[in-house]
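Asks: Can you build the whole structure from these sequences, using the hints too?
Okay, so the sequence shown: first residue is 1 according to full-length UniProt numbering, each after it adds one.
Be careful, since some hints might not be right.
Cut-off 27 Å, straight-line C-alpha distance, at most; resulting in silico cross-link-like pairs (DSS-like, lysine-lysine) [said to hold, decoys possible]: (1) Lys749 - Lys882; (2) Lys882 - Lys780; (3) Lys577 - Lys780; (4) Lys780 - Lys585; (5) Lys248 - Lys450; (6) Lys324 - Lys210; (7) Lys256 - Lys312; (8) Lys90 - Lys149; (9) Lys247 - Lys374; (10) Lys741 - Lys780; (11) Lys818 - Lys868; (12) Lys312 - Lys248; (13) Lys868 - Lys741; (14) Lys256 - Lys149.
Derived CB-CB ranges, DEER-like [as the list claims (entries may be wrong)]: (15) Asp606 - Glu67: 22 to 28 Å; (16) Pro677 - Lys450: 55 to 61 Å; (17) Lys780 - Asp875: 23 to 29 Å.
If you are wondering where the hints come from, they were derived from the structure by calculation, not from laboratory data.
The beta carbon of each residue, even a glycine, is placed where N, CA and C say it ideally should be.
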Amino acid sequence: MAKPDAPRLIEVDFPLREVSEHSVREKNIRHGHISTLHIWWARRPLAASRATALAALLPDDPRHREELLGLVKSLAPWKAVQGENPALEKARRLILEAHGGRPPRVLDPFAGGGAIPLEALRLGCETYAVDYNPVAVLLNKAVLEYPQKFGRPGSVSFIPLPPGWGKEEGQQAILSTSQEEKSPLVEAVRAWGEWVLEEARKELERFYPKDEDGSIPVGYIWARTLPCQNPACGTEIPLMRQTWLAKKANRRVALKMIPNPEAKRVDFAIVEGGAIDFDPEEGTVSRANVRCPLCGGTINDSTTRRLFREGKAGERMVAVVLHKPGTTGKRYRLATERDLEAFRAAREALETKRQELWAEWGMDPVPDEPLPPKETLGFRVQRYGLTRWGDLFNPRQKLALITFAERVRRAHAEMLREGAEPEFARAVGTYLGLALDRTLMFTTSLTRWKPDAECPVDVFARQALPMTWDYAENTPIVAHSGAFLDQVERMLYCLPLAFSGDQAASIHNGSATSLPFPSAHFDAVLTDPPYYDSVPYADLSDFFYLWLKRTIGDLYPELFATPLTPKSEELVADASKAGGMEAAKKRFEEGLTQAFREIHRVLKDDGIAVIVFAHKTTEAWEAIIQALLNAGLYMTASWPIHTEMQSRLRAQDSAALASSIYMVCRRRTTDEVGLYPEVQREIEERVRERLAQFWDEGIRGADFFMSAIGPAVEAFGKYARVEKLSGEEVTVGELLEYVRKVVGEFALKRILEEGELGGVDLPARFYVLWRFAYNHARVKFDEARKLAQSVGIELSEYWDGRGFVQRQGGLVWVLGPKERGRGFLERERHENMVDVLHKAVLLWEKGDRRGLEKLLSGSPFPQGALRKVAQAVVDVLPDGDKEKQLLQGLLYGWRDTTSGRSPGQGGLFESEQG
Numbered sequence: 001m002a003k004p005d006a007p008r009l010i011e012v013d014f015p016l017r018e019v020s021e022h023s024v025r026e027k028n029i030r031h032g033h034i035s036t037l038h039i040w041w042a043r044r045p046l047a048a049s050r051a052t053a054l055a056a057l058l059p060d061d062p063r064h065r066e067e068l069l070g071l072v073k074s075l076a077p078w079k080a081v082q083g084e085n086p087a088l089e090k091a092r093r094l095i096l097e098a099h100g101g102r103p104p105r106v107l108d109p110f111a112g113g114g115a116i117p118l119e120a121l122r123l124g125c126e127t128y129a130v131d132y133n134p135v136a137v138l139l140n141k142a143v144l145e146y147p148q149k150f151g152r153p154g155s156v157s158f159i160p161l162p163p164g165w166g167k168e169e170g171q172q173a174i175l176s177t178s179q180e181e182k183s184p185l186v187e188a189v190r191a192w193g194e195w196v197l198e199e200a201r202k203e204l205e206r207f208y209p210k211d212e213d214g215s216i217p218v219g220y221i222w223a224r225t226l227p228c229q230n231p232a233c234g235t236e237i238p239l240m241r242q243t244w245l246a247k248k249a250n251r252r253v254a255l256k257m258i259p260n261p262e263a264k265r266v267d268f269a270i271v272e273g274g275a276i277d278f279d280p281e282e283g284t285v286s287r288a289n290v291r292c293p294l295c296g297g298t299i300n301d302s303t304t305r306r307l308f309r310e311g312k313a314g315e316r317m318v319a320v321v322l323h324k325p326g327t328t329g330k331r332y333r334l335a336t337e338r339d340l341e342a343f344r345a346a347r348e349a350l351e352t353k354r355q356e357l358w359a360e361w362g363m364d365p366v367p368d369e370p371l372p373p374k375e376t377l378g379f380r381v382q383r384y385g386l387t388r389w390g391d392l393f394n395p396r397q398k399l400a401l402i403t404f405a406e407r408v409r410r411a412h413a414e415m416l417r418e419g420a421e422p423e424f425a426r427a428v429g430t431y432l433g434l435a436l437d438r439t440l441m442f443t444t445s446l447t448r449w450k451p452d453a454e455c456p457v458d459v460f461a462r463q464a465l466p467m468t469w470d471y472a473e474n475t476p477i478v479a480h481s482g483a484f485l486d487q488v489e490r491m492l493y494c495l496p497l498a499f500s501g502d503q504a505a506s507i508h509n510g511s512a513t514s515l516p517f518p519s520a521h522f523d524a525v526l527t528d529p530p531y532y533d534s535v536p537y538a539d540l541s542d543f544f545y546l547w548l549k550r551t552i553g554d555l556y557p558e559l560f561a562t563p564l565t566p567k568s569e570e571l572v573a574d575a576s577k578a579g580g581m582e583a584a585k586k587r588f589e590e591g592l593t594q595a596f597r598e599i600h601r602v603l604k605d606d607g608i609a610v611i612v613f614a615h616k617t618t619e620a621w622e623a624i625i626q627a628l629l630n631a632g633l634y635m636t637a638s639w640p641i642h643t644e645m646q647s648r649l650r651a652q653d654s655a656a657l658a659s660s661i662y663m664v665c666r667r668r669t670t671d672e673v674g675l676y677p678e679v680q681r682e683i684e685e686r687v688r689e690r691l692a693q694f695w696d697e698g699i700r701g702a703d704f705f706m707s708a709i710g711p712a713v714e715a716f717g718k719y720a721r722v723e724k725l726s727g728e729e730v731t732v733g734e735l736l737e738y739v740r741k742v743v744g745e746f747a748l749k750r751i752l753e754e755g756e757l758g759g760v761d762l763p764a765r766f767y768v769l770w771r772f773a774y775n776h777a778r779v780k781f782d783e784a785r786k787l788a789q790s791v792g793i794e795l796s797e798y799w800d801g802r803g804f805v806q807r808q809g810g811l812v813w814v815l816g817p818k819e820r821g822r823g824f825l826e827r828e829r830h831e832n833m834v835d836v837l838h839k840a841v842l843l844w845e846k847g848d849r850r851g852l853e854k855l856l857s858g859s860p861f862p863q864g865a866l867r868k869v870a871q872a873v874v875d876v877l878p879d880g881d882k883e884k885q886l887l888q889g890l891l892y893g894w895r896d897t898t899s900g901r902s903p904g905q906g907g908l909f910e911s912e913q914g
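Replies: In structure tokens:
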């Protein structure tokens, strides 16, 4: 093994651009990726996990550095792990050589969905995975243990198959015989998955009746309802956020609401193509504010929530989604009395079935456990009277799910009866339970219909459970997106690619704050701890835990011993549980510090840790950096790797990050004290060096600011303590404040494309930085204040109703020219460059060339500097942005003048008459 002070490859260089590209591209991969096995929130890309693990395990060799970086690049693509790959074999060999001929021990104490330990396993490491959450532990078994034990041909002496499977009419293998058919695990999951479906279908198909022409209902569109609060109206208002059914380039289908005053109801029609003479984007509800289509009366958001809690809400089946075998595409019709009769029959059958299974299982088969309190991070449904987990499903959905759950339990019993090895039967039963878990996400009353794909979208499209007004009821017994067969099929594509060798990982259920390993045990710790207040893992995972408890809980009594997932030691900064944000931050920091101390303890003296973190607030970064320093870990390198698609949900209207910061850490072995003036020079030198590299690699926006934190901590954290000349200790908060200032100056000079900022006033510097970092997003006040402070302005001076900053509650945003309000154009005095540019844009749009020339000629600001700021804003805003287009028009018409002509003499802008 390399000497303790010998750097690893990742501490010296890393192919950032290539790994980022493959990490983002991976988000679009569906077939074979472990994300299709089961959801886990904020799971890291396999490409980034594999590349950083390899670069962390290989020592740097200046003579062969480019060759090693080339190896890392070659293993980043998704195809690199499909089938035999000489590059992967070479990576394993080099890792073994670097560690004295033995596989290095690698630990992930926050294993989550298993991405990081899977890639360590793939690289030939002796891998250990720990997680506090039982659902995560089960996923790790499905990803890291069972494929290695039972995936290879011949690993099981006997593959139990359902009696007659594959022979009866209609029973066919899901995958072709060329795709890993000899894998015992794949064969058994395929067979028993089909058996579960066929057994459930026999009992359930009468509740999803076919049309007379043989068309199969694959889904039902429902709208929740509220009574209009206008006493003279009283109409049951269908709550729909929009009415599109199909919204594709070549196909448009929508529901048209038709007010029926005589019957005091809203009727519907299905219209297509050119017959759509209304805007389907306009529904009857927006952010819980409701409008009645008959009388125009409104219900405000607080009244809407109250009516739901009082039981005044109902629901209405509006339309049926159909597919006819032998044809392509879907068609739609309005719901009929026959459809309603089938639903009512399912509701009646539910009670009988529920009582039977309750007696057999000793628990309500429909989860009746309470949802978390209404202020819980990520949850909104409790405000509308949904208080138990079972409330998230309509009666027919409940019947379908408990029927499938019963068949999953029975499948395990049948396998044992067929003579299966108990551990193998447990593994197969686990995958069937996970397949039902995935079906759950498309089988709730919170599942939205996705008109651009004509399919349901899973309930966790966001890392939260928000309220849904209109929902899609999926038919789980047919071959359709989101149905049980679809989930089994996705699982079968995934399993072969999880086979990573003969050695299974060691899986542990426990807390990262108290690891069950001896000191100095691991060569590397690679992990992705919780992101402060971003994801309420435990509360969200209860959605699955409660159903898993009912399907395969008996197979894992140690994991399902508690009513809900354990939460007392979870490291999430949830203000609702800690008595406020300050207490939540303190609890998070203390817990994370202890977890990092455990990493410090179990890491060898020459060991290395790679810790991933992503958060848009310096508050969260302050917490994790303080935890690192308190634990005796210091950063030797950091890499901002793009891990998120820019087009993901909310990316356009929030300050969401596209990058995660991979922090490379070692154990601090000295107690050296640094003097702040000297450390500041080190920080500035290190930050500017890295920022130049990150800029060239295409890191921009809020990610660019966050990317500088790592290099700063590299210089700061190598000291046990940094002191000012007065002897006072420098805090992490002060460090981050200084870093923001350094980054702001660097970014402005790059954006303005000149070495000097002369002529650009402070408000304009702030404006350019805001558009660069946050675009038009609304940002927490403290983050906005810190950005303003970094350029030397007081934020409150610009939000008095006359300025370009807007504040509402705890959020701040920066106004564009079209948002400046009434009277802005009439102002005579403009005290900063932003005001002048905003007015110039508005005058240009109006075609008032004389007014524009007068404004710019009389402005105290140099025209060259004004143009420079306008061009900078154009450069940082995305294509299609309205403000960008206005500024581009202004710049196009702007002419340099040195003639000193006065307004009206053909000066800066020619009139339209020429």
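Asks: State for each hint whether it applies.
Replies: Consistency of the hints with the structure:
At roughly 25 Å between alpha-carbon atoms, Lys749 and Lys882 fall within 27 Å of each other, so this suggested pair holds. A distance of roughly 24 Å separates the Cα atoms of Lys882 and Lys780; the hinted pair therefore holds under the 27 Å criterion. Proximity of Lys577 to Lys780 is assessed by CA-CA distance (about 21 Å); at most 27 Å being required, the pair is judged to hold. This hinted pair checks out: Lys780 and Lys585 have alpha carbons roughly 16 Å apart, not beyond 27 Å.
For the suggested pair Lys248 and Lys450, the alpha carbons sit about 11 Å apart, so the restraint of at most 27 Å is met. For the given pair, Lys324 sits about 9 Å from Lys210 by alpha-carbon distance, which is consistent with the 27 Å threshold. With a C-alpha separation of about 25 Å, the suggested pairing of Lys256 with Lys312 holds against the 27 Å cut-off. Among the hinted pairs, Lys90 with Lys149 is consistent with the structure: their alpha-carbon atoms are about 24 Å apart, no more than 27 Å.
A C-alpha spacing of about 35 Å is found between Lys247 and Lys374, which places the hinted pair above 27 Å, so the restraint is violated. For the given pair, Lys741 sits about 19 Å from Lys780 by alpha-carbon distance, which is consistent with the 27 Å threshold. Restraint check for Lys818 and Lys868: satisfied, since their Cα atoms lie roughly 21 Å apart, inside the 27 Å limit. This hinted pair does not check out: Lys312 and Lys248 have alpha carbons roughly 36 Å apart, beyond 27 Å.
The hinted pair formed by Lys868 and Lys741 meets the criterion: a straight-line CA distance of about 21 Å does not exceed 27 Å. For the suggested pair Lys256 and Lys149, the alpha carbons sit about 55 Å apart, so the restraint of at most 27 Å is broken. Distance hint check: the CB atoms of Asp606 and Glu67 are about 23 Å apart, consistent with the given range 22 to 28 Å. Our hint of 55 to 61 Å for Pro677 and Lys450 holds, since their Cβ atoms are close to 57 Å apart.
Between Lys780 and Asp875 the C-beta distance comes to about 26 Å, which sits within the given range of 23 to 29 Å.
Figure legend: structure checked against the earlier numbered hints; hints not met, in rising order: 9, 12 and 14.
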